[in-house]
Amino acid sequence: MNPAAEALLDPARPDPGLFVREAPGGRARLDLVVQDMHCAGCLRKVERGLHELPGVEYARANLSTKRVAVRWDPRKLQAGAIVARLAEAGFAAVPFDSRLATALDENEMKTLLRAMGVAGFAAANVMLVSVSVWSGLVTDMDETTRAFFHWVSALIALPAVAYAGQPFFRSALKALRAGTMNMDVPIALAVILATSMSLVQTIVNARHVYFDASVTLLFFLLIGRYLDMQARARACSAAQNLLGLRAIAATVMSPDGAQRSVAVENVEPGMRLAIAAGARIPADGEILTGVSDIDTSLVTGESLPEAVKPGSAVYAGTLNIGAPLTMRVTKRDDDSLLAEIVRLMESAEQGRARYVRIADRAARIYSPAVHIMAFATMILWFWLGAHWEMALTHAIAVLIITCPCALGLAVPVVQVVATGRLIRQGVFVKAADGLERLAQADTVVFDKTGTLTLGRPQLVNGGDIAPADLALAVALARLSRHPLARALAEVGGDIAPLTLSDATEVPGMGMEARFGTDPVRLGNAGFAGGRSATAQHAGPELWLRHGTAEPVCLRFADTLRPDAKAAIDALKRKGFAIELLSGDREPAVRAVAETLDIAEWRAAARPAEKIARLEELARAGRKVLMIGDGLNDAPALRAAHVSISPADAADVSQTAADFIFQGARLAPVVETIDVARKSRRLVFENFGLALAYNAVAVPLAVAGFVTPLVAAIAMSSSSITVIANAMRLNRRKPAAPLS
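Just so it is clear: in the sequence shown, position 220 is 268 by my numbering, and no numbers are missing.
No lab work stands behind these hints, which were simulated from the structure alone. Take the hints with a grain of salt, since some may be wrong.
[Claimed, not checked] Dumping the calculated DMTMM-like pairs for lysine to aspartate or glutamate here, alpha-carbon to alpha-carbon at most 25 Å:
#, residue 1, residue 2
1, Lys-671, Glu-719
2, Lys-622, Glu-733
3, Lys-124, Glu-154
4, Lys-620, Asp-550
5, Lys-671, Glu-648
6, Lys-379, Asp-490
7, Lys-379, Asp-343
8, Lys-357, Asp-304
9, Lys-620, Glu-598
10, Lys-613, Glu-598
11, Lys-671, Asp-645
12, Lys-622, Glu-664
13, Lys-379, Glu-334
14, Lys-622, Glu-634
15, Lys-613, Asp-542
16, Lys-622, Glu-598
17, Lys-671, Asp-512
18, Lys-726, Asp-343
The whole structure should be built from the sequences, with the hints applied where relevant.
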């Protein structure tokens, strides 16, 4: 059994079976952290090894976050077999936990820092000794003195290389024992060859040794690896960062009033929790007592706090900024809205987009050529009559400089940075290739209700209604759960309640009761004796009838999103064609289209008709972005080139959409389009940087113009350059609020 497999038998390591989650279709899902993944070749070996296991249906690795997601049939496979298979391939894996992942990253960075310190100290001292030798070569230094200095260099360099090279040596050894190759194999081979060649030269008392180059080469490689880790940490999974917003513990209230603190993972539905002012909500639930304000920006994307009272729903990770509350838990920690957001982010980050597949194929072809090219370089220089020392030095430089790190990182790091940026703007990326398809879109098709509007009716003629009639209507509305009644009840929040008797609700008609001795009704026109809606008002309405008095009409209208007009104008400036495709009545659709200046609109469109219109646009060569929220929009969302749905949409629509945006504004939609277009440019720039690096560096190394030291600097710099270029997306200022 290899060391990776033995390490996994350590009883201190967590049991992977405890971290398995249920997936749709009776499948199981497990997220792992694989610290030994350093290049696209490692990623490919991890995925290939997992797909070879019986029952595995899905295995995706993320190079930037070093995460692996696996989905399988639990009847055919156990979680332990998955971890053991990775160990056999030379990769030590542990179940993902945000705190554990952070600890592993910190330990690896500390190891790299210590190794870098040793290599740097040794490099400085060996360089000082080498200066004396170089001076002696042009003066009268005798062979004995030169040999003494060479042995001093060896005594400094050999222990330093043995210690500081361990991060590369261990990784390379694991790969070789598993019968595979990774990017650390050519690095380790280059360092060992350079050091061994220098030791042989020292033993035979040759004029030139290269201990200074060997240890300095290692020093720069370690610098590159450390900076690479730092950059990856900055571009780390936004989902992992979100988990840091969880409460660590919850205060559980017993039936007798006693309180105790438990870990948030042990909170179960039905428990009563006490939430102090200034504390985070530990789980999804319902307020039992207390009135407060909750910072829901994590969930809604809105900066304004939301007022809550008994009966209000609250979500894990949101912040209680008002008074103390008590709540009843409705969902476990791993079923909370925050956990669902995390899973959406993981799905997006760990998917395989078209650009990623291109990079993977390039790396797969490119990696085996590294050793062939290095060997061919050595043979070429031998054939040209060079000394074995020079030929080997050039081969070492080729081994180092041809590592395809930059190519493997070109796409994943952009994807991670983009999804992280969007989640901070209240947008969740569901589809792996969603950003790519969104960057291609040139036409936006909107649904109306719940998309351009808030889907929440508001009373529009309250000022025309007598206060007594309005108070009576509000009193009846407070007894009903009908959407229009709830909207009317909200309007009458400051109206003193009236006393009604014999209140009953007639399904499909409305409410009836007695006010004093008079009968009162609130409902549709037929129920309350009103007239049908006038042509001037296309929205919904309620009618109030008090005794024998003339019925009173209460008219409602759906409210446009606050920045709907500004968002439409912004999309037009970006070159998008805009259409409104709604299943609502023609007067209502026409009113919204005229208000928002949308020339192309269709009303009373059934789901099949929406799909037909999208197909018509596709045949015309248009790339359609569909934005909708209702059950009737789900087929169109799936049929469109790319789709976005609001967070309060029907579940089926959210499932069909590629993106989900939070909040009452459409600004996140515009921001998502901007990020998608910028991400596409950054991906092409990264491909260009990686290819330009190889096009210049490899021929120079083969031609003998690059030393191993320069090769190490160039290789590390190429990876860091690609990551730094992707990080420019974070430095871009968020779009100003639309107004």
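Hints versus structure:
Distance hint between Lys-671 and Glu-719 is fulfilled; the C-alpha atoms sit about 18 Å from each other, no more than 25 Å. Proximity of Lys-622 to Glu-733 is assessed by CA-CA distance (about 22 Å); at most 25 Å being required, the pair is judged to hold. Of the pairs offered as hints, the one joining Lys-124 and Glu-154 is violated, with about 36 Å between alpha carbons and a cut-off of 25 Å exceeded. This hinted pair does not check out: Lys-620 and Asp-550 have alpha carbons roughly 56 Å apart, beyond 25 Å.
A distance of roughly 16 Å separates the Cα atoms of Lys-671 and Glu-648; the hinted pair therefore holds under the 25 Å criterion. At roughly 41 Å between alpha-carbon atoms, Lys-379 and Asp-490 are farther apart than 25 Å, so this suggested pair is violated. A distance of roughly 20 Å separates the Cα atoms of Lys-379 and Asp-343; the hinted pair therefore holds under the 25 Å criterion. Among the hinted pairs, Lys-357 with Asp-304 is consistent with the structure: their alpha-carbon atoms are about 23 Å apart, no more than 25 Å.
Restraint check for Lys-620 and Glu-598: the C-alpha separation of about 48 Å exceeds 25 Å, so the hint is violated. Of the supplied pair hints, the one linking Lys-613 and Glu-598 is violated, its CA atoms being roughly 39 Å apart against a limit of 25 Å. Among the hinted pairs, Lys-671 with Asp-645 is consistent with the structure: their alpha-carbon atoms are about 22 Å apart, no more than 25 Å. Among the hinted pairs, Lys-622 with Glu-664 is consistent with the structure: their alpha-carbon atoms are about 23 Å apart, no more than 25 Å.
Proximity of Lys-379 to Glu-334 is assessed by CA-CA distance (about 10 Å); at most 25 Å being required, the pair is judged to hold. For a cut-off of 25 Å, the pair hint linking Lys-622 to Glu-634 is broken: about 28 Å separates their Cα positions. A hinted pair counts as satisfied when its Cα atoms are at most 25 Å apart, and Lys-613 with Asp-542 does not qualify at roughly 32 Å. Only pairs whose Cα atoms come within 25 Å are accepted, and Lys-622 paired with Glu-598 is rejected, the gap being roughly 53 Å.
Between the alpha carbons of Lys-671 and Asp-512 the distance comes to roughly 47 Å, so the proposed pair goes past 25 Å and is violated. Of the supplied pair hints, the one linking Lys-726 and Asp-343 is violated, its CA atoms being roughly 30 Å apart against a limit of 25 Å.
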